[in-house]
Each structure stands twice: as structure tokens, then as C-alpha cells.
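Visitor: Here the protein sequences come in this chain order: A and B. So the mapping is simple: my numbering equals the position in the first sequence, first residue as 1, plus 10. So the mapping is simple: my numbering equals the position in the second sequence, first residue as 1, plus 5.
Because the hints were derived from the structure by calculation, they are not lab data. Only a predicted model underlies this, so the values are computations on that prediction, with no experimental measurement involved. Just so you know, even glycine gets a beta-carbon here, dropped at the ideal spot from N, CA and C. Just so you know, not all the hints are guaranteed correct.
Claimed, not checked - Covered by chain B, per the in silico footprint, the following chain A stretches (three or more residues, Cβ under 8 Å):
| # | segment |
| --- | --- |
| 1 | 163-169 |
| 2 | 181-190 |
| 3 | 206-218 |
Unchecked claim - Calculated from the model, a selection of chain A residues having no Cβ within reach of chain B, i.e. all distances over 12 Å:
| # | residue |
| --- | --- |
| 4 | F15 |
| 5 | A20 |
| 6 | A22 |
| 7 | R23 |
| 8 | F42 |
| 9 | L45 |
| 10 | V48 |
| 11 | S63 |
| 12 | F71 |
| 13 | F75 |
| 14 | V120 |
| 15 | V121 |
| 16 | A131 |
| 17 | G135 |
| 18 | T221 |
Take a look at the letters that make up each chain.
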Amino acid sequence: MTNSFSVAVAVARKDLTAEWRTRELVPALAQFVVLALVIANFGFQIDAHNAPSIAPGVLWFALVFAGLVAFGRAFAAEREQASLEAMLMTPASPVAIFAGKALAAALLLVVCEAVLLPALALFFGTPISAPIVAAVLLATIGMAALGCLFAAMVARMRSRELLLPLLTLPLWIPFIVAGGHAVQVAMGASGSYDQALALLLDFDILFVVLTSLAARFVLDE
Amino acid sequence: MNKYEKAALAAVGLMVLAAGAIFFYAPTDALQHEPQRIFYLHVSSAIAAYGCFAVVLIGGVIYLRNESLAADRFAHAGALVGVIFTTVTLVMGMLWAKPIWGNFWAWDARLTSTLVLWIIYAGYLLVRRLAEPGRQAARFAAVVGIFGFIDVPVVHFSVTWWRTQHPGPIVVRDALPPEMLATFLFTMACTIVLAAVMIAIRYRIETLSDGQVAEVAARASTVTPRGPEPTR
Chain A
11 MTNSFSVAVA VARKDLTAEW RTRELVPALA QFVVLALVIA NFGFQIDAHN
61 APSIAPGVLW FALVFAGLVA FGRAFAAERE QASLEAMLMT PASPVAIFAG
111 KALAAALLLV VCEAVLLPAL ALFFGTPISA PIVAAVLLAT IGMAALGCLF
161 AAMVARMRSR ELLLPLLTLP LWIPFIVAGG HAVQVAMGAS GSYDQALALL
211 LDFDILFVVL TSLAARFVLD E
Chain B
6 MNKYEKAALA AVGLMVLAAG AIFFYAPTDA LQHEPQRIFY LHVSSAIAAY
56 GCFAVVLIGG VIYLRNESLA ADRFAHAGAL VGVIFTTVTL VMGMLWAKPI
106 WGNFWAWDAR LTSTLVLWII YAGYLLVRRL AEPGRQAARF AAVVGIFGFI
156 DVPVVHFSVT WWRTQHPGPI VVRDALPPEM LATFLFTMAC TIVLAAVMIA
206 IRYRIETLSD GQVAEVAARA STVTPRGPEP TR
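Modelling step: build the complete structure from the supplied sequences, incorporating the hints.
Guide: Structure, rendered in C-alpha cells:
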């Protein structure tokens, strides 16, 4: 158990170090989410009056597409250098390697959220509050687990850029329904915030358990 | 005429009988009038689709446990037939919703989860096409099939908690007059037979095409025998 845990941490640290040295993904993602906000602003004719009702949708749109890019890249370097096979040849469990990859990708997405939320507050005049941050972070956990599982899958297939959104987005819908509701309530809509957050937590537990069961079959292939 | 053709003919005959029962035996609904007749095939094909996806789930789980080729072929066949029946369910539901609700679509729990169901299994079929044929395609597809089956109730639940307007399950609540109930049960039985026959035929096609691939591979290997690997 401790061994798997240290393997996961080592894999995550390796990915984060590689990202820190190249600084490729995070600046690109940050630029991407700011661009998404610019496009949303002109697409919706946003003013101070309607911003709180539109902003949650814009937030989830930007987050979902940034997530797709981030998780798609998680296995790109491994594929280009065929290093995943090398990692799988070590006695480390495939589930621990997968957990490390997912952890690193989730942390990169969190960094991107640290740009998205302040930018949203700046451009749309919505608040940044603890409830909003909590909902986004909870959704990130489950989305990272599912996103990395299917990223690992499509990395070995043709037309991978095409397939990743098709497989991942339908499975992310529960997180978007619950997370979207939580953020809407936190920005002033009526509804139950606690229930939405509890639902997010349930989905996190369900999908983290399921992906860790399935990871062996996807990575071993 | 082989046994598959006979079975297909019988299934089509049963569906024609069901159509007869729907249009000539079942009484006209007092409130919804003629559009209510859509209900019989709509609900039946939804149930048949769930059955097909259960085949995908069970086939996938068995394949992941022991790599049984038969289980994988059944899962593939189930997904294909299930997507067809889901399409029928969605289209018939929209045709019913237009006169009754006034709109083709509403973002209700059942509609949303059925649409997600369709998208997930369409993705499943794409995975089968794009993955390397053989073990990889079978494994990846099994994982997608299992996640899809679990995701649909989750989507349903998360939207129900939010909002819903789809009519509840009237059949189990004993609200149908006996002629309607008889028509419904008959249509459902015929639709399930049709789905089973379609899966059986598709399974046969998978088996034959796998056999052909193996034959071609065998012939290719006899023409150009593989020599020793070149040494570097």
C-alpha cells in the first residue's frame, strides 16, 4: 500500500517536474481559458445584469474543454517516447502509475482553474468564494480520474484527438450537472448548495473507485 | 432458407402482428387520442435497448475476466442493436412529445439519460472501429461498455434531482385498461424477440468475418513465411 502510494507520488512528481522544465501546457491552457472568456463575452452580449446567470455556464464550458486538452496531453509525452511501456515493465502496479498520472493532470488543471476563476471574476464581475472553489475542485477529482482513463485508452488508438471528447464528455455530465448547479447557487440562484456538493462527492467516490478497477485493463493493453 | 433467415422472417411477422394489435385492437386514449399509440413501441424498444446494453455489460465483464471471444462478439452485437433501438425510442418519443408537450424535446431526466445512452454506445462502436482489431478493441470496448452502463443511471439520478416532466411508469402502477396492457405486453414480447434475433444474426456475422480474417492471415503466412528477425 505504502509502496503503491510512493509510486503514484513519484510518477506525479516526474510529470510535474517535466511540465515545470518545459512550461508548455499550463501557459497554453491559461491562455486558452482567457480566450474562451473573451469569446463568451462577445457571444452572449454580457452586461452586469445577466452576468451571474451566464457566468456559471461559461465557467464549465471553459473548464471542460481545458480539461480535455490537459488530459489528452497527459499521455502524449509517454506515447512519443514509448516510456509508458518501460514504466509498466517495472514491478510497480499499473493502478499506482495511473493514479500518479491522474494526480499530476488534476494538479495542472487546478493551476489552470487558478487562472480561470480570477479571470471570470475580473471580466464577468462574479464573486470568487469558497463555495465556488470547493465545487470546482471536487468536480476536478472525478473528471481527472475519468479523463485520464480515457486519455490512456485513446493514446494507443488512431484518431485519438477525435475520440477523447466523445468518450469523456458523456461521462462528465453528472459532474457538470451537480457542479453547474452548485456554482449557480453560489452565484445567487435558488437551490440547495449542500445537496449539490454532496452529490459531487458521491460521484467522485464512485468514479475514482471504478477507474482504479478499470485502469489495469486499459494500461496493460 | 437457413435458420437465421427463418428467425428473421418470424420476427418481422411478429412485429406486423404487434402493429395490428396497436392499431386495431387497442382502444383510443381519451385524452391523448391517436398519438398515445406511439407508447407501445416507444416503451418496448426502450426496454429492448436496455436489454441489449445489459448484454454489452455482461459480455464486457466476462471478456475482461477470461478473454472469451464469444462474450466479446455478443457485446459488440448487443451494442449495435441497442443503438438502433435507442434511436427508435428517441425518435418515437419526440414524435409523441410534439403533439402532447408542444415540443420535440425537453431536458428531462429520462430524455437526457437516453440521449447520453445513445452517445455513449455510439462512442463504443467508434472505439471498436478505431482500436486495433482483436484484444485491444475488445478490452477498450468492454471498459467503455461497463462505464456507459453505470453512467446512465447516474445521469438519470442527477437530473431527476434537478427537474423532471416525463410521464411516470404507468404500466407498473396498474393504470392501463386490460386491452392496452395486453397490446403493450404483446408488443414488448415481439420487440424483445426482434432484438434477440438481430443480436443472433449480428453474432453470426462477427463469427464469420473473424473466421475470414483468420483465413486470410493464415494464407498470407503460408505465402511469405516469417524468417528470423534481422539482427542489428
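Visitor: Give a verdict on every hint.
Guide: Results for each hint:
1. 163-169: holds (count 5)
2. 181-190: holds (count 5)
3. 206-218: Since three or more residues must qualify, the claim that chain B covers the segment 206-218 of chain A holds, with 3 doing so at under 8 Å.
4. F15: Correct as stated: the minimum Cβ-Cβ distance to chain B is 24 Å, above 12 Å.
5. A20: holds, 26 Å
6. A22: It holds; A/A22 is separated from chain B by about 23 Å at its closest Cβ, greater than 12 Å.
7. R23: holds, 27 Å
8. F42: holds, 24 Å
9. L45: It holds; A/L45 is separated from chain B by about 27 Å at its closest Cβ, greater than 12 Å.
10. V48: Given a closest Cβ separation of 28 Å, the condition holds.
11. S63: holds, 16 Å
12. F71: holds, 17 Å
13. F75: holds, 17 Å
14. V120: Answer for A/V120: holds, closest chain B Cβ roughly 23 Å.
15. V121: holds, 27 Å
16. A131: holds, 26 Å
17. G135: Since the minimum Cβ distance to chain B is about 26 Å, A/G135 lies beyond 12 Å and the statement holds.
18. T221: violated, 9 Å
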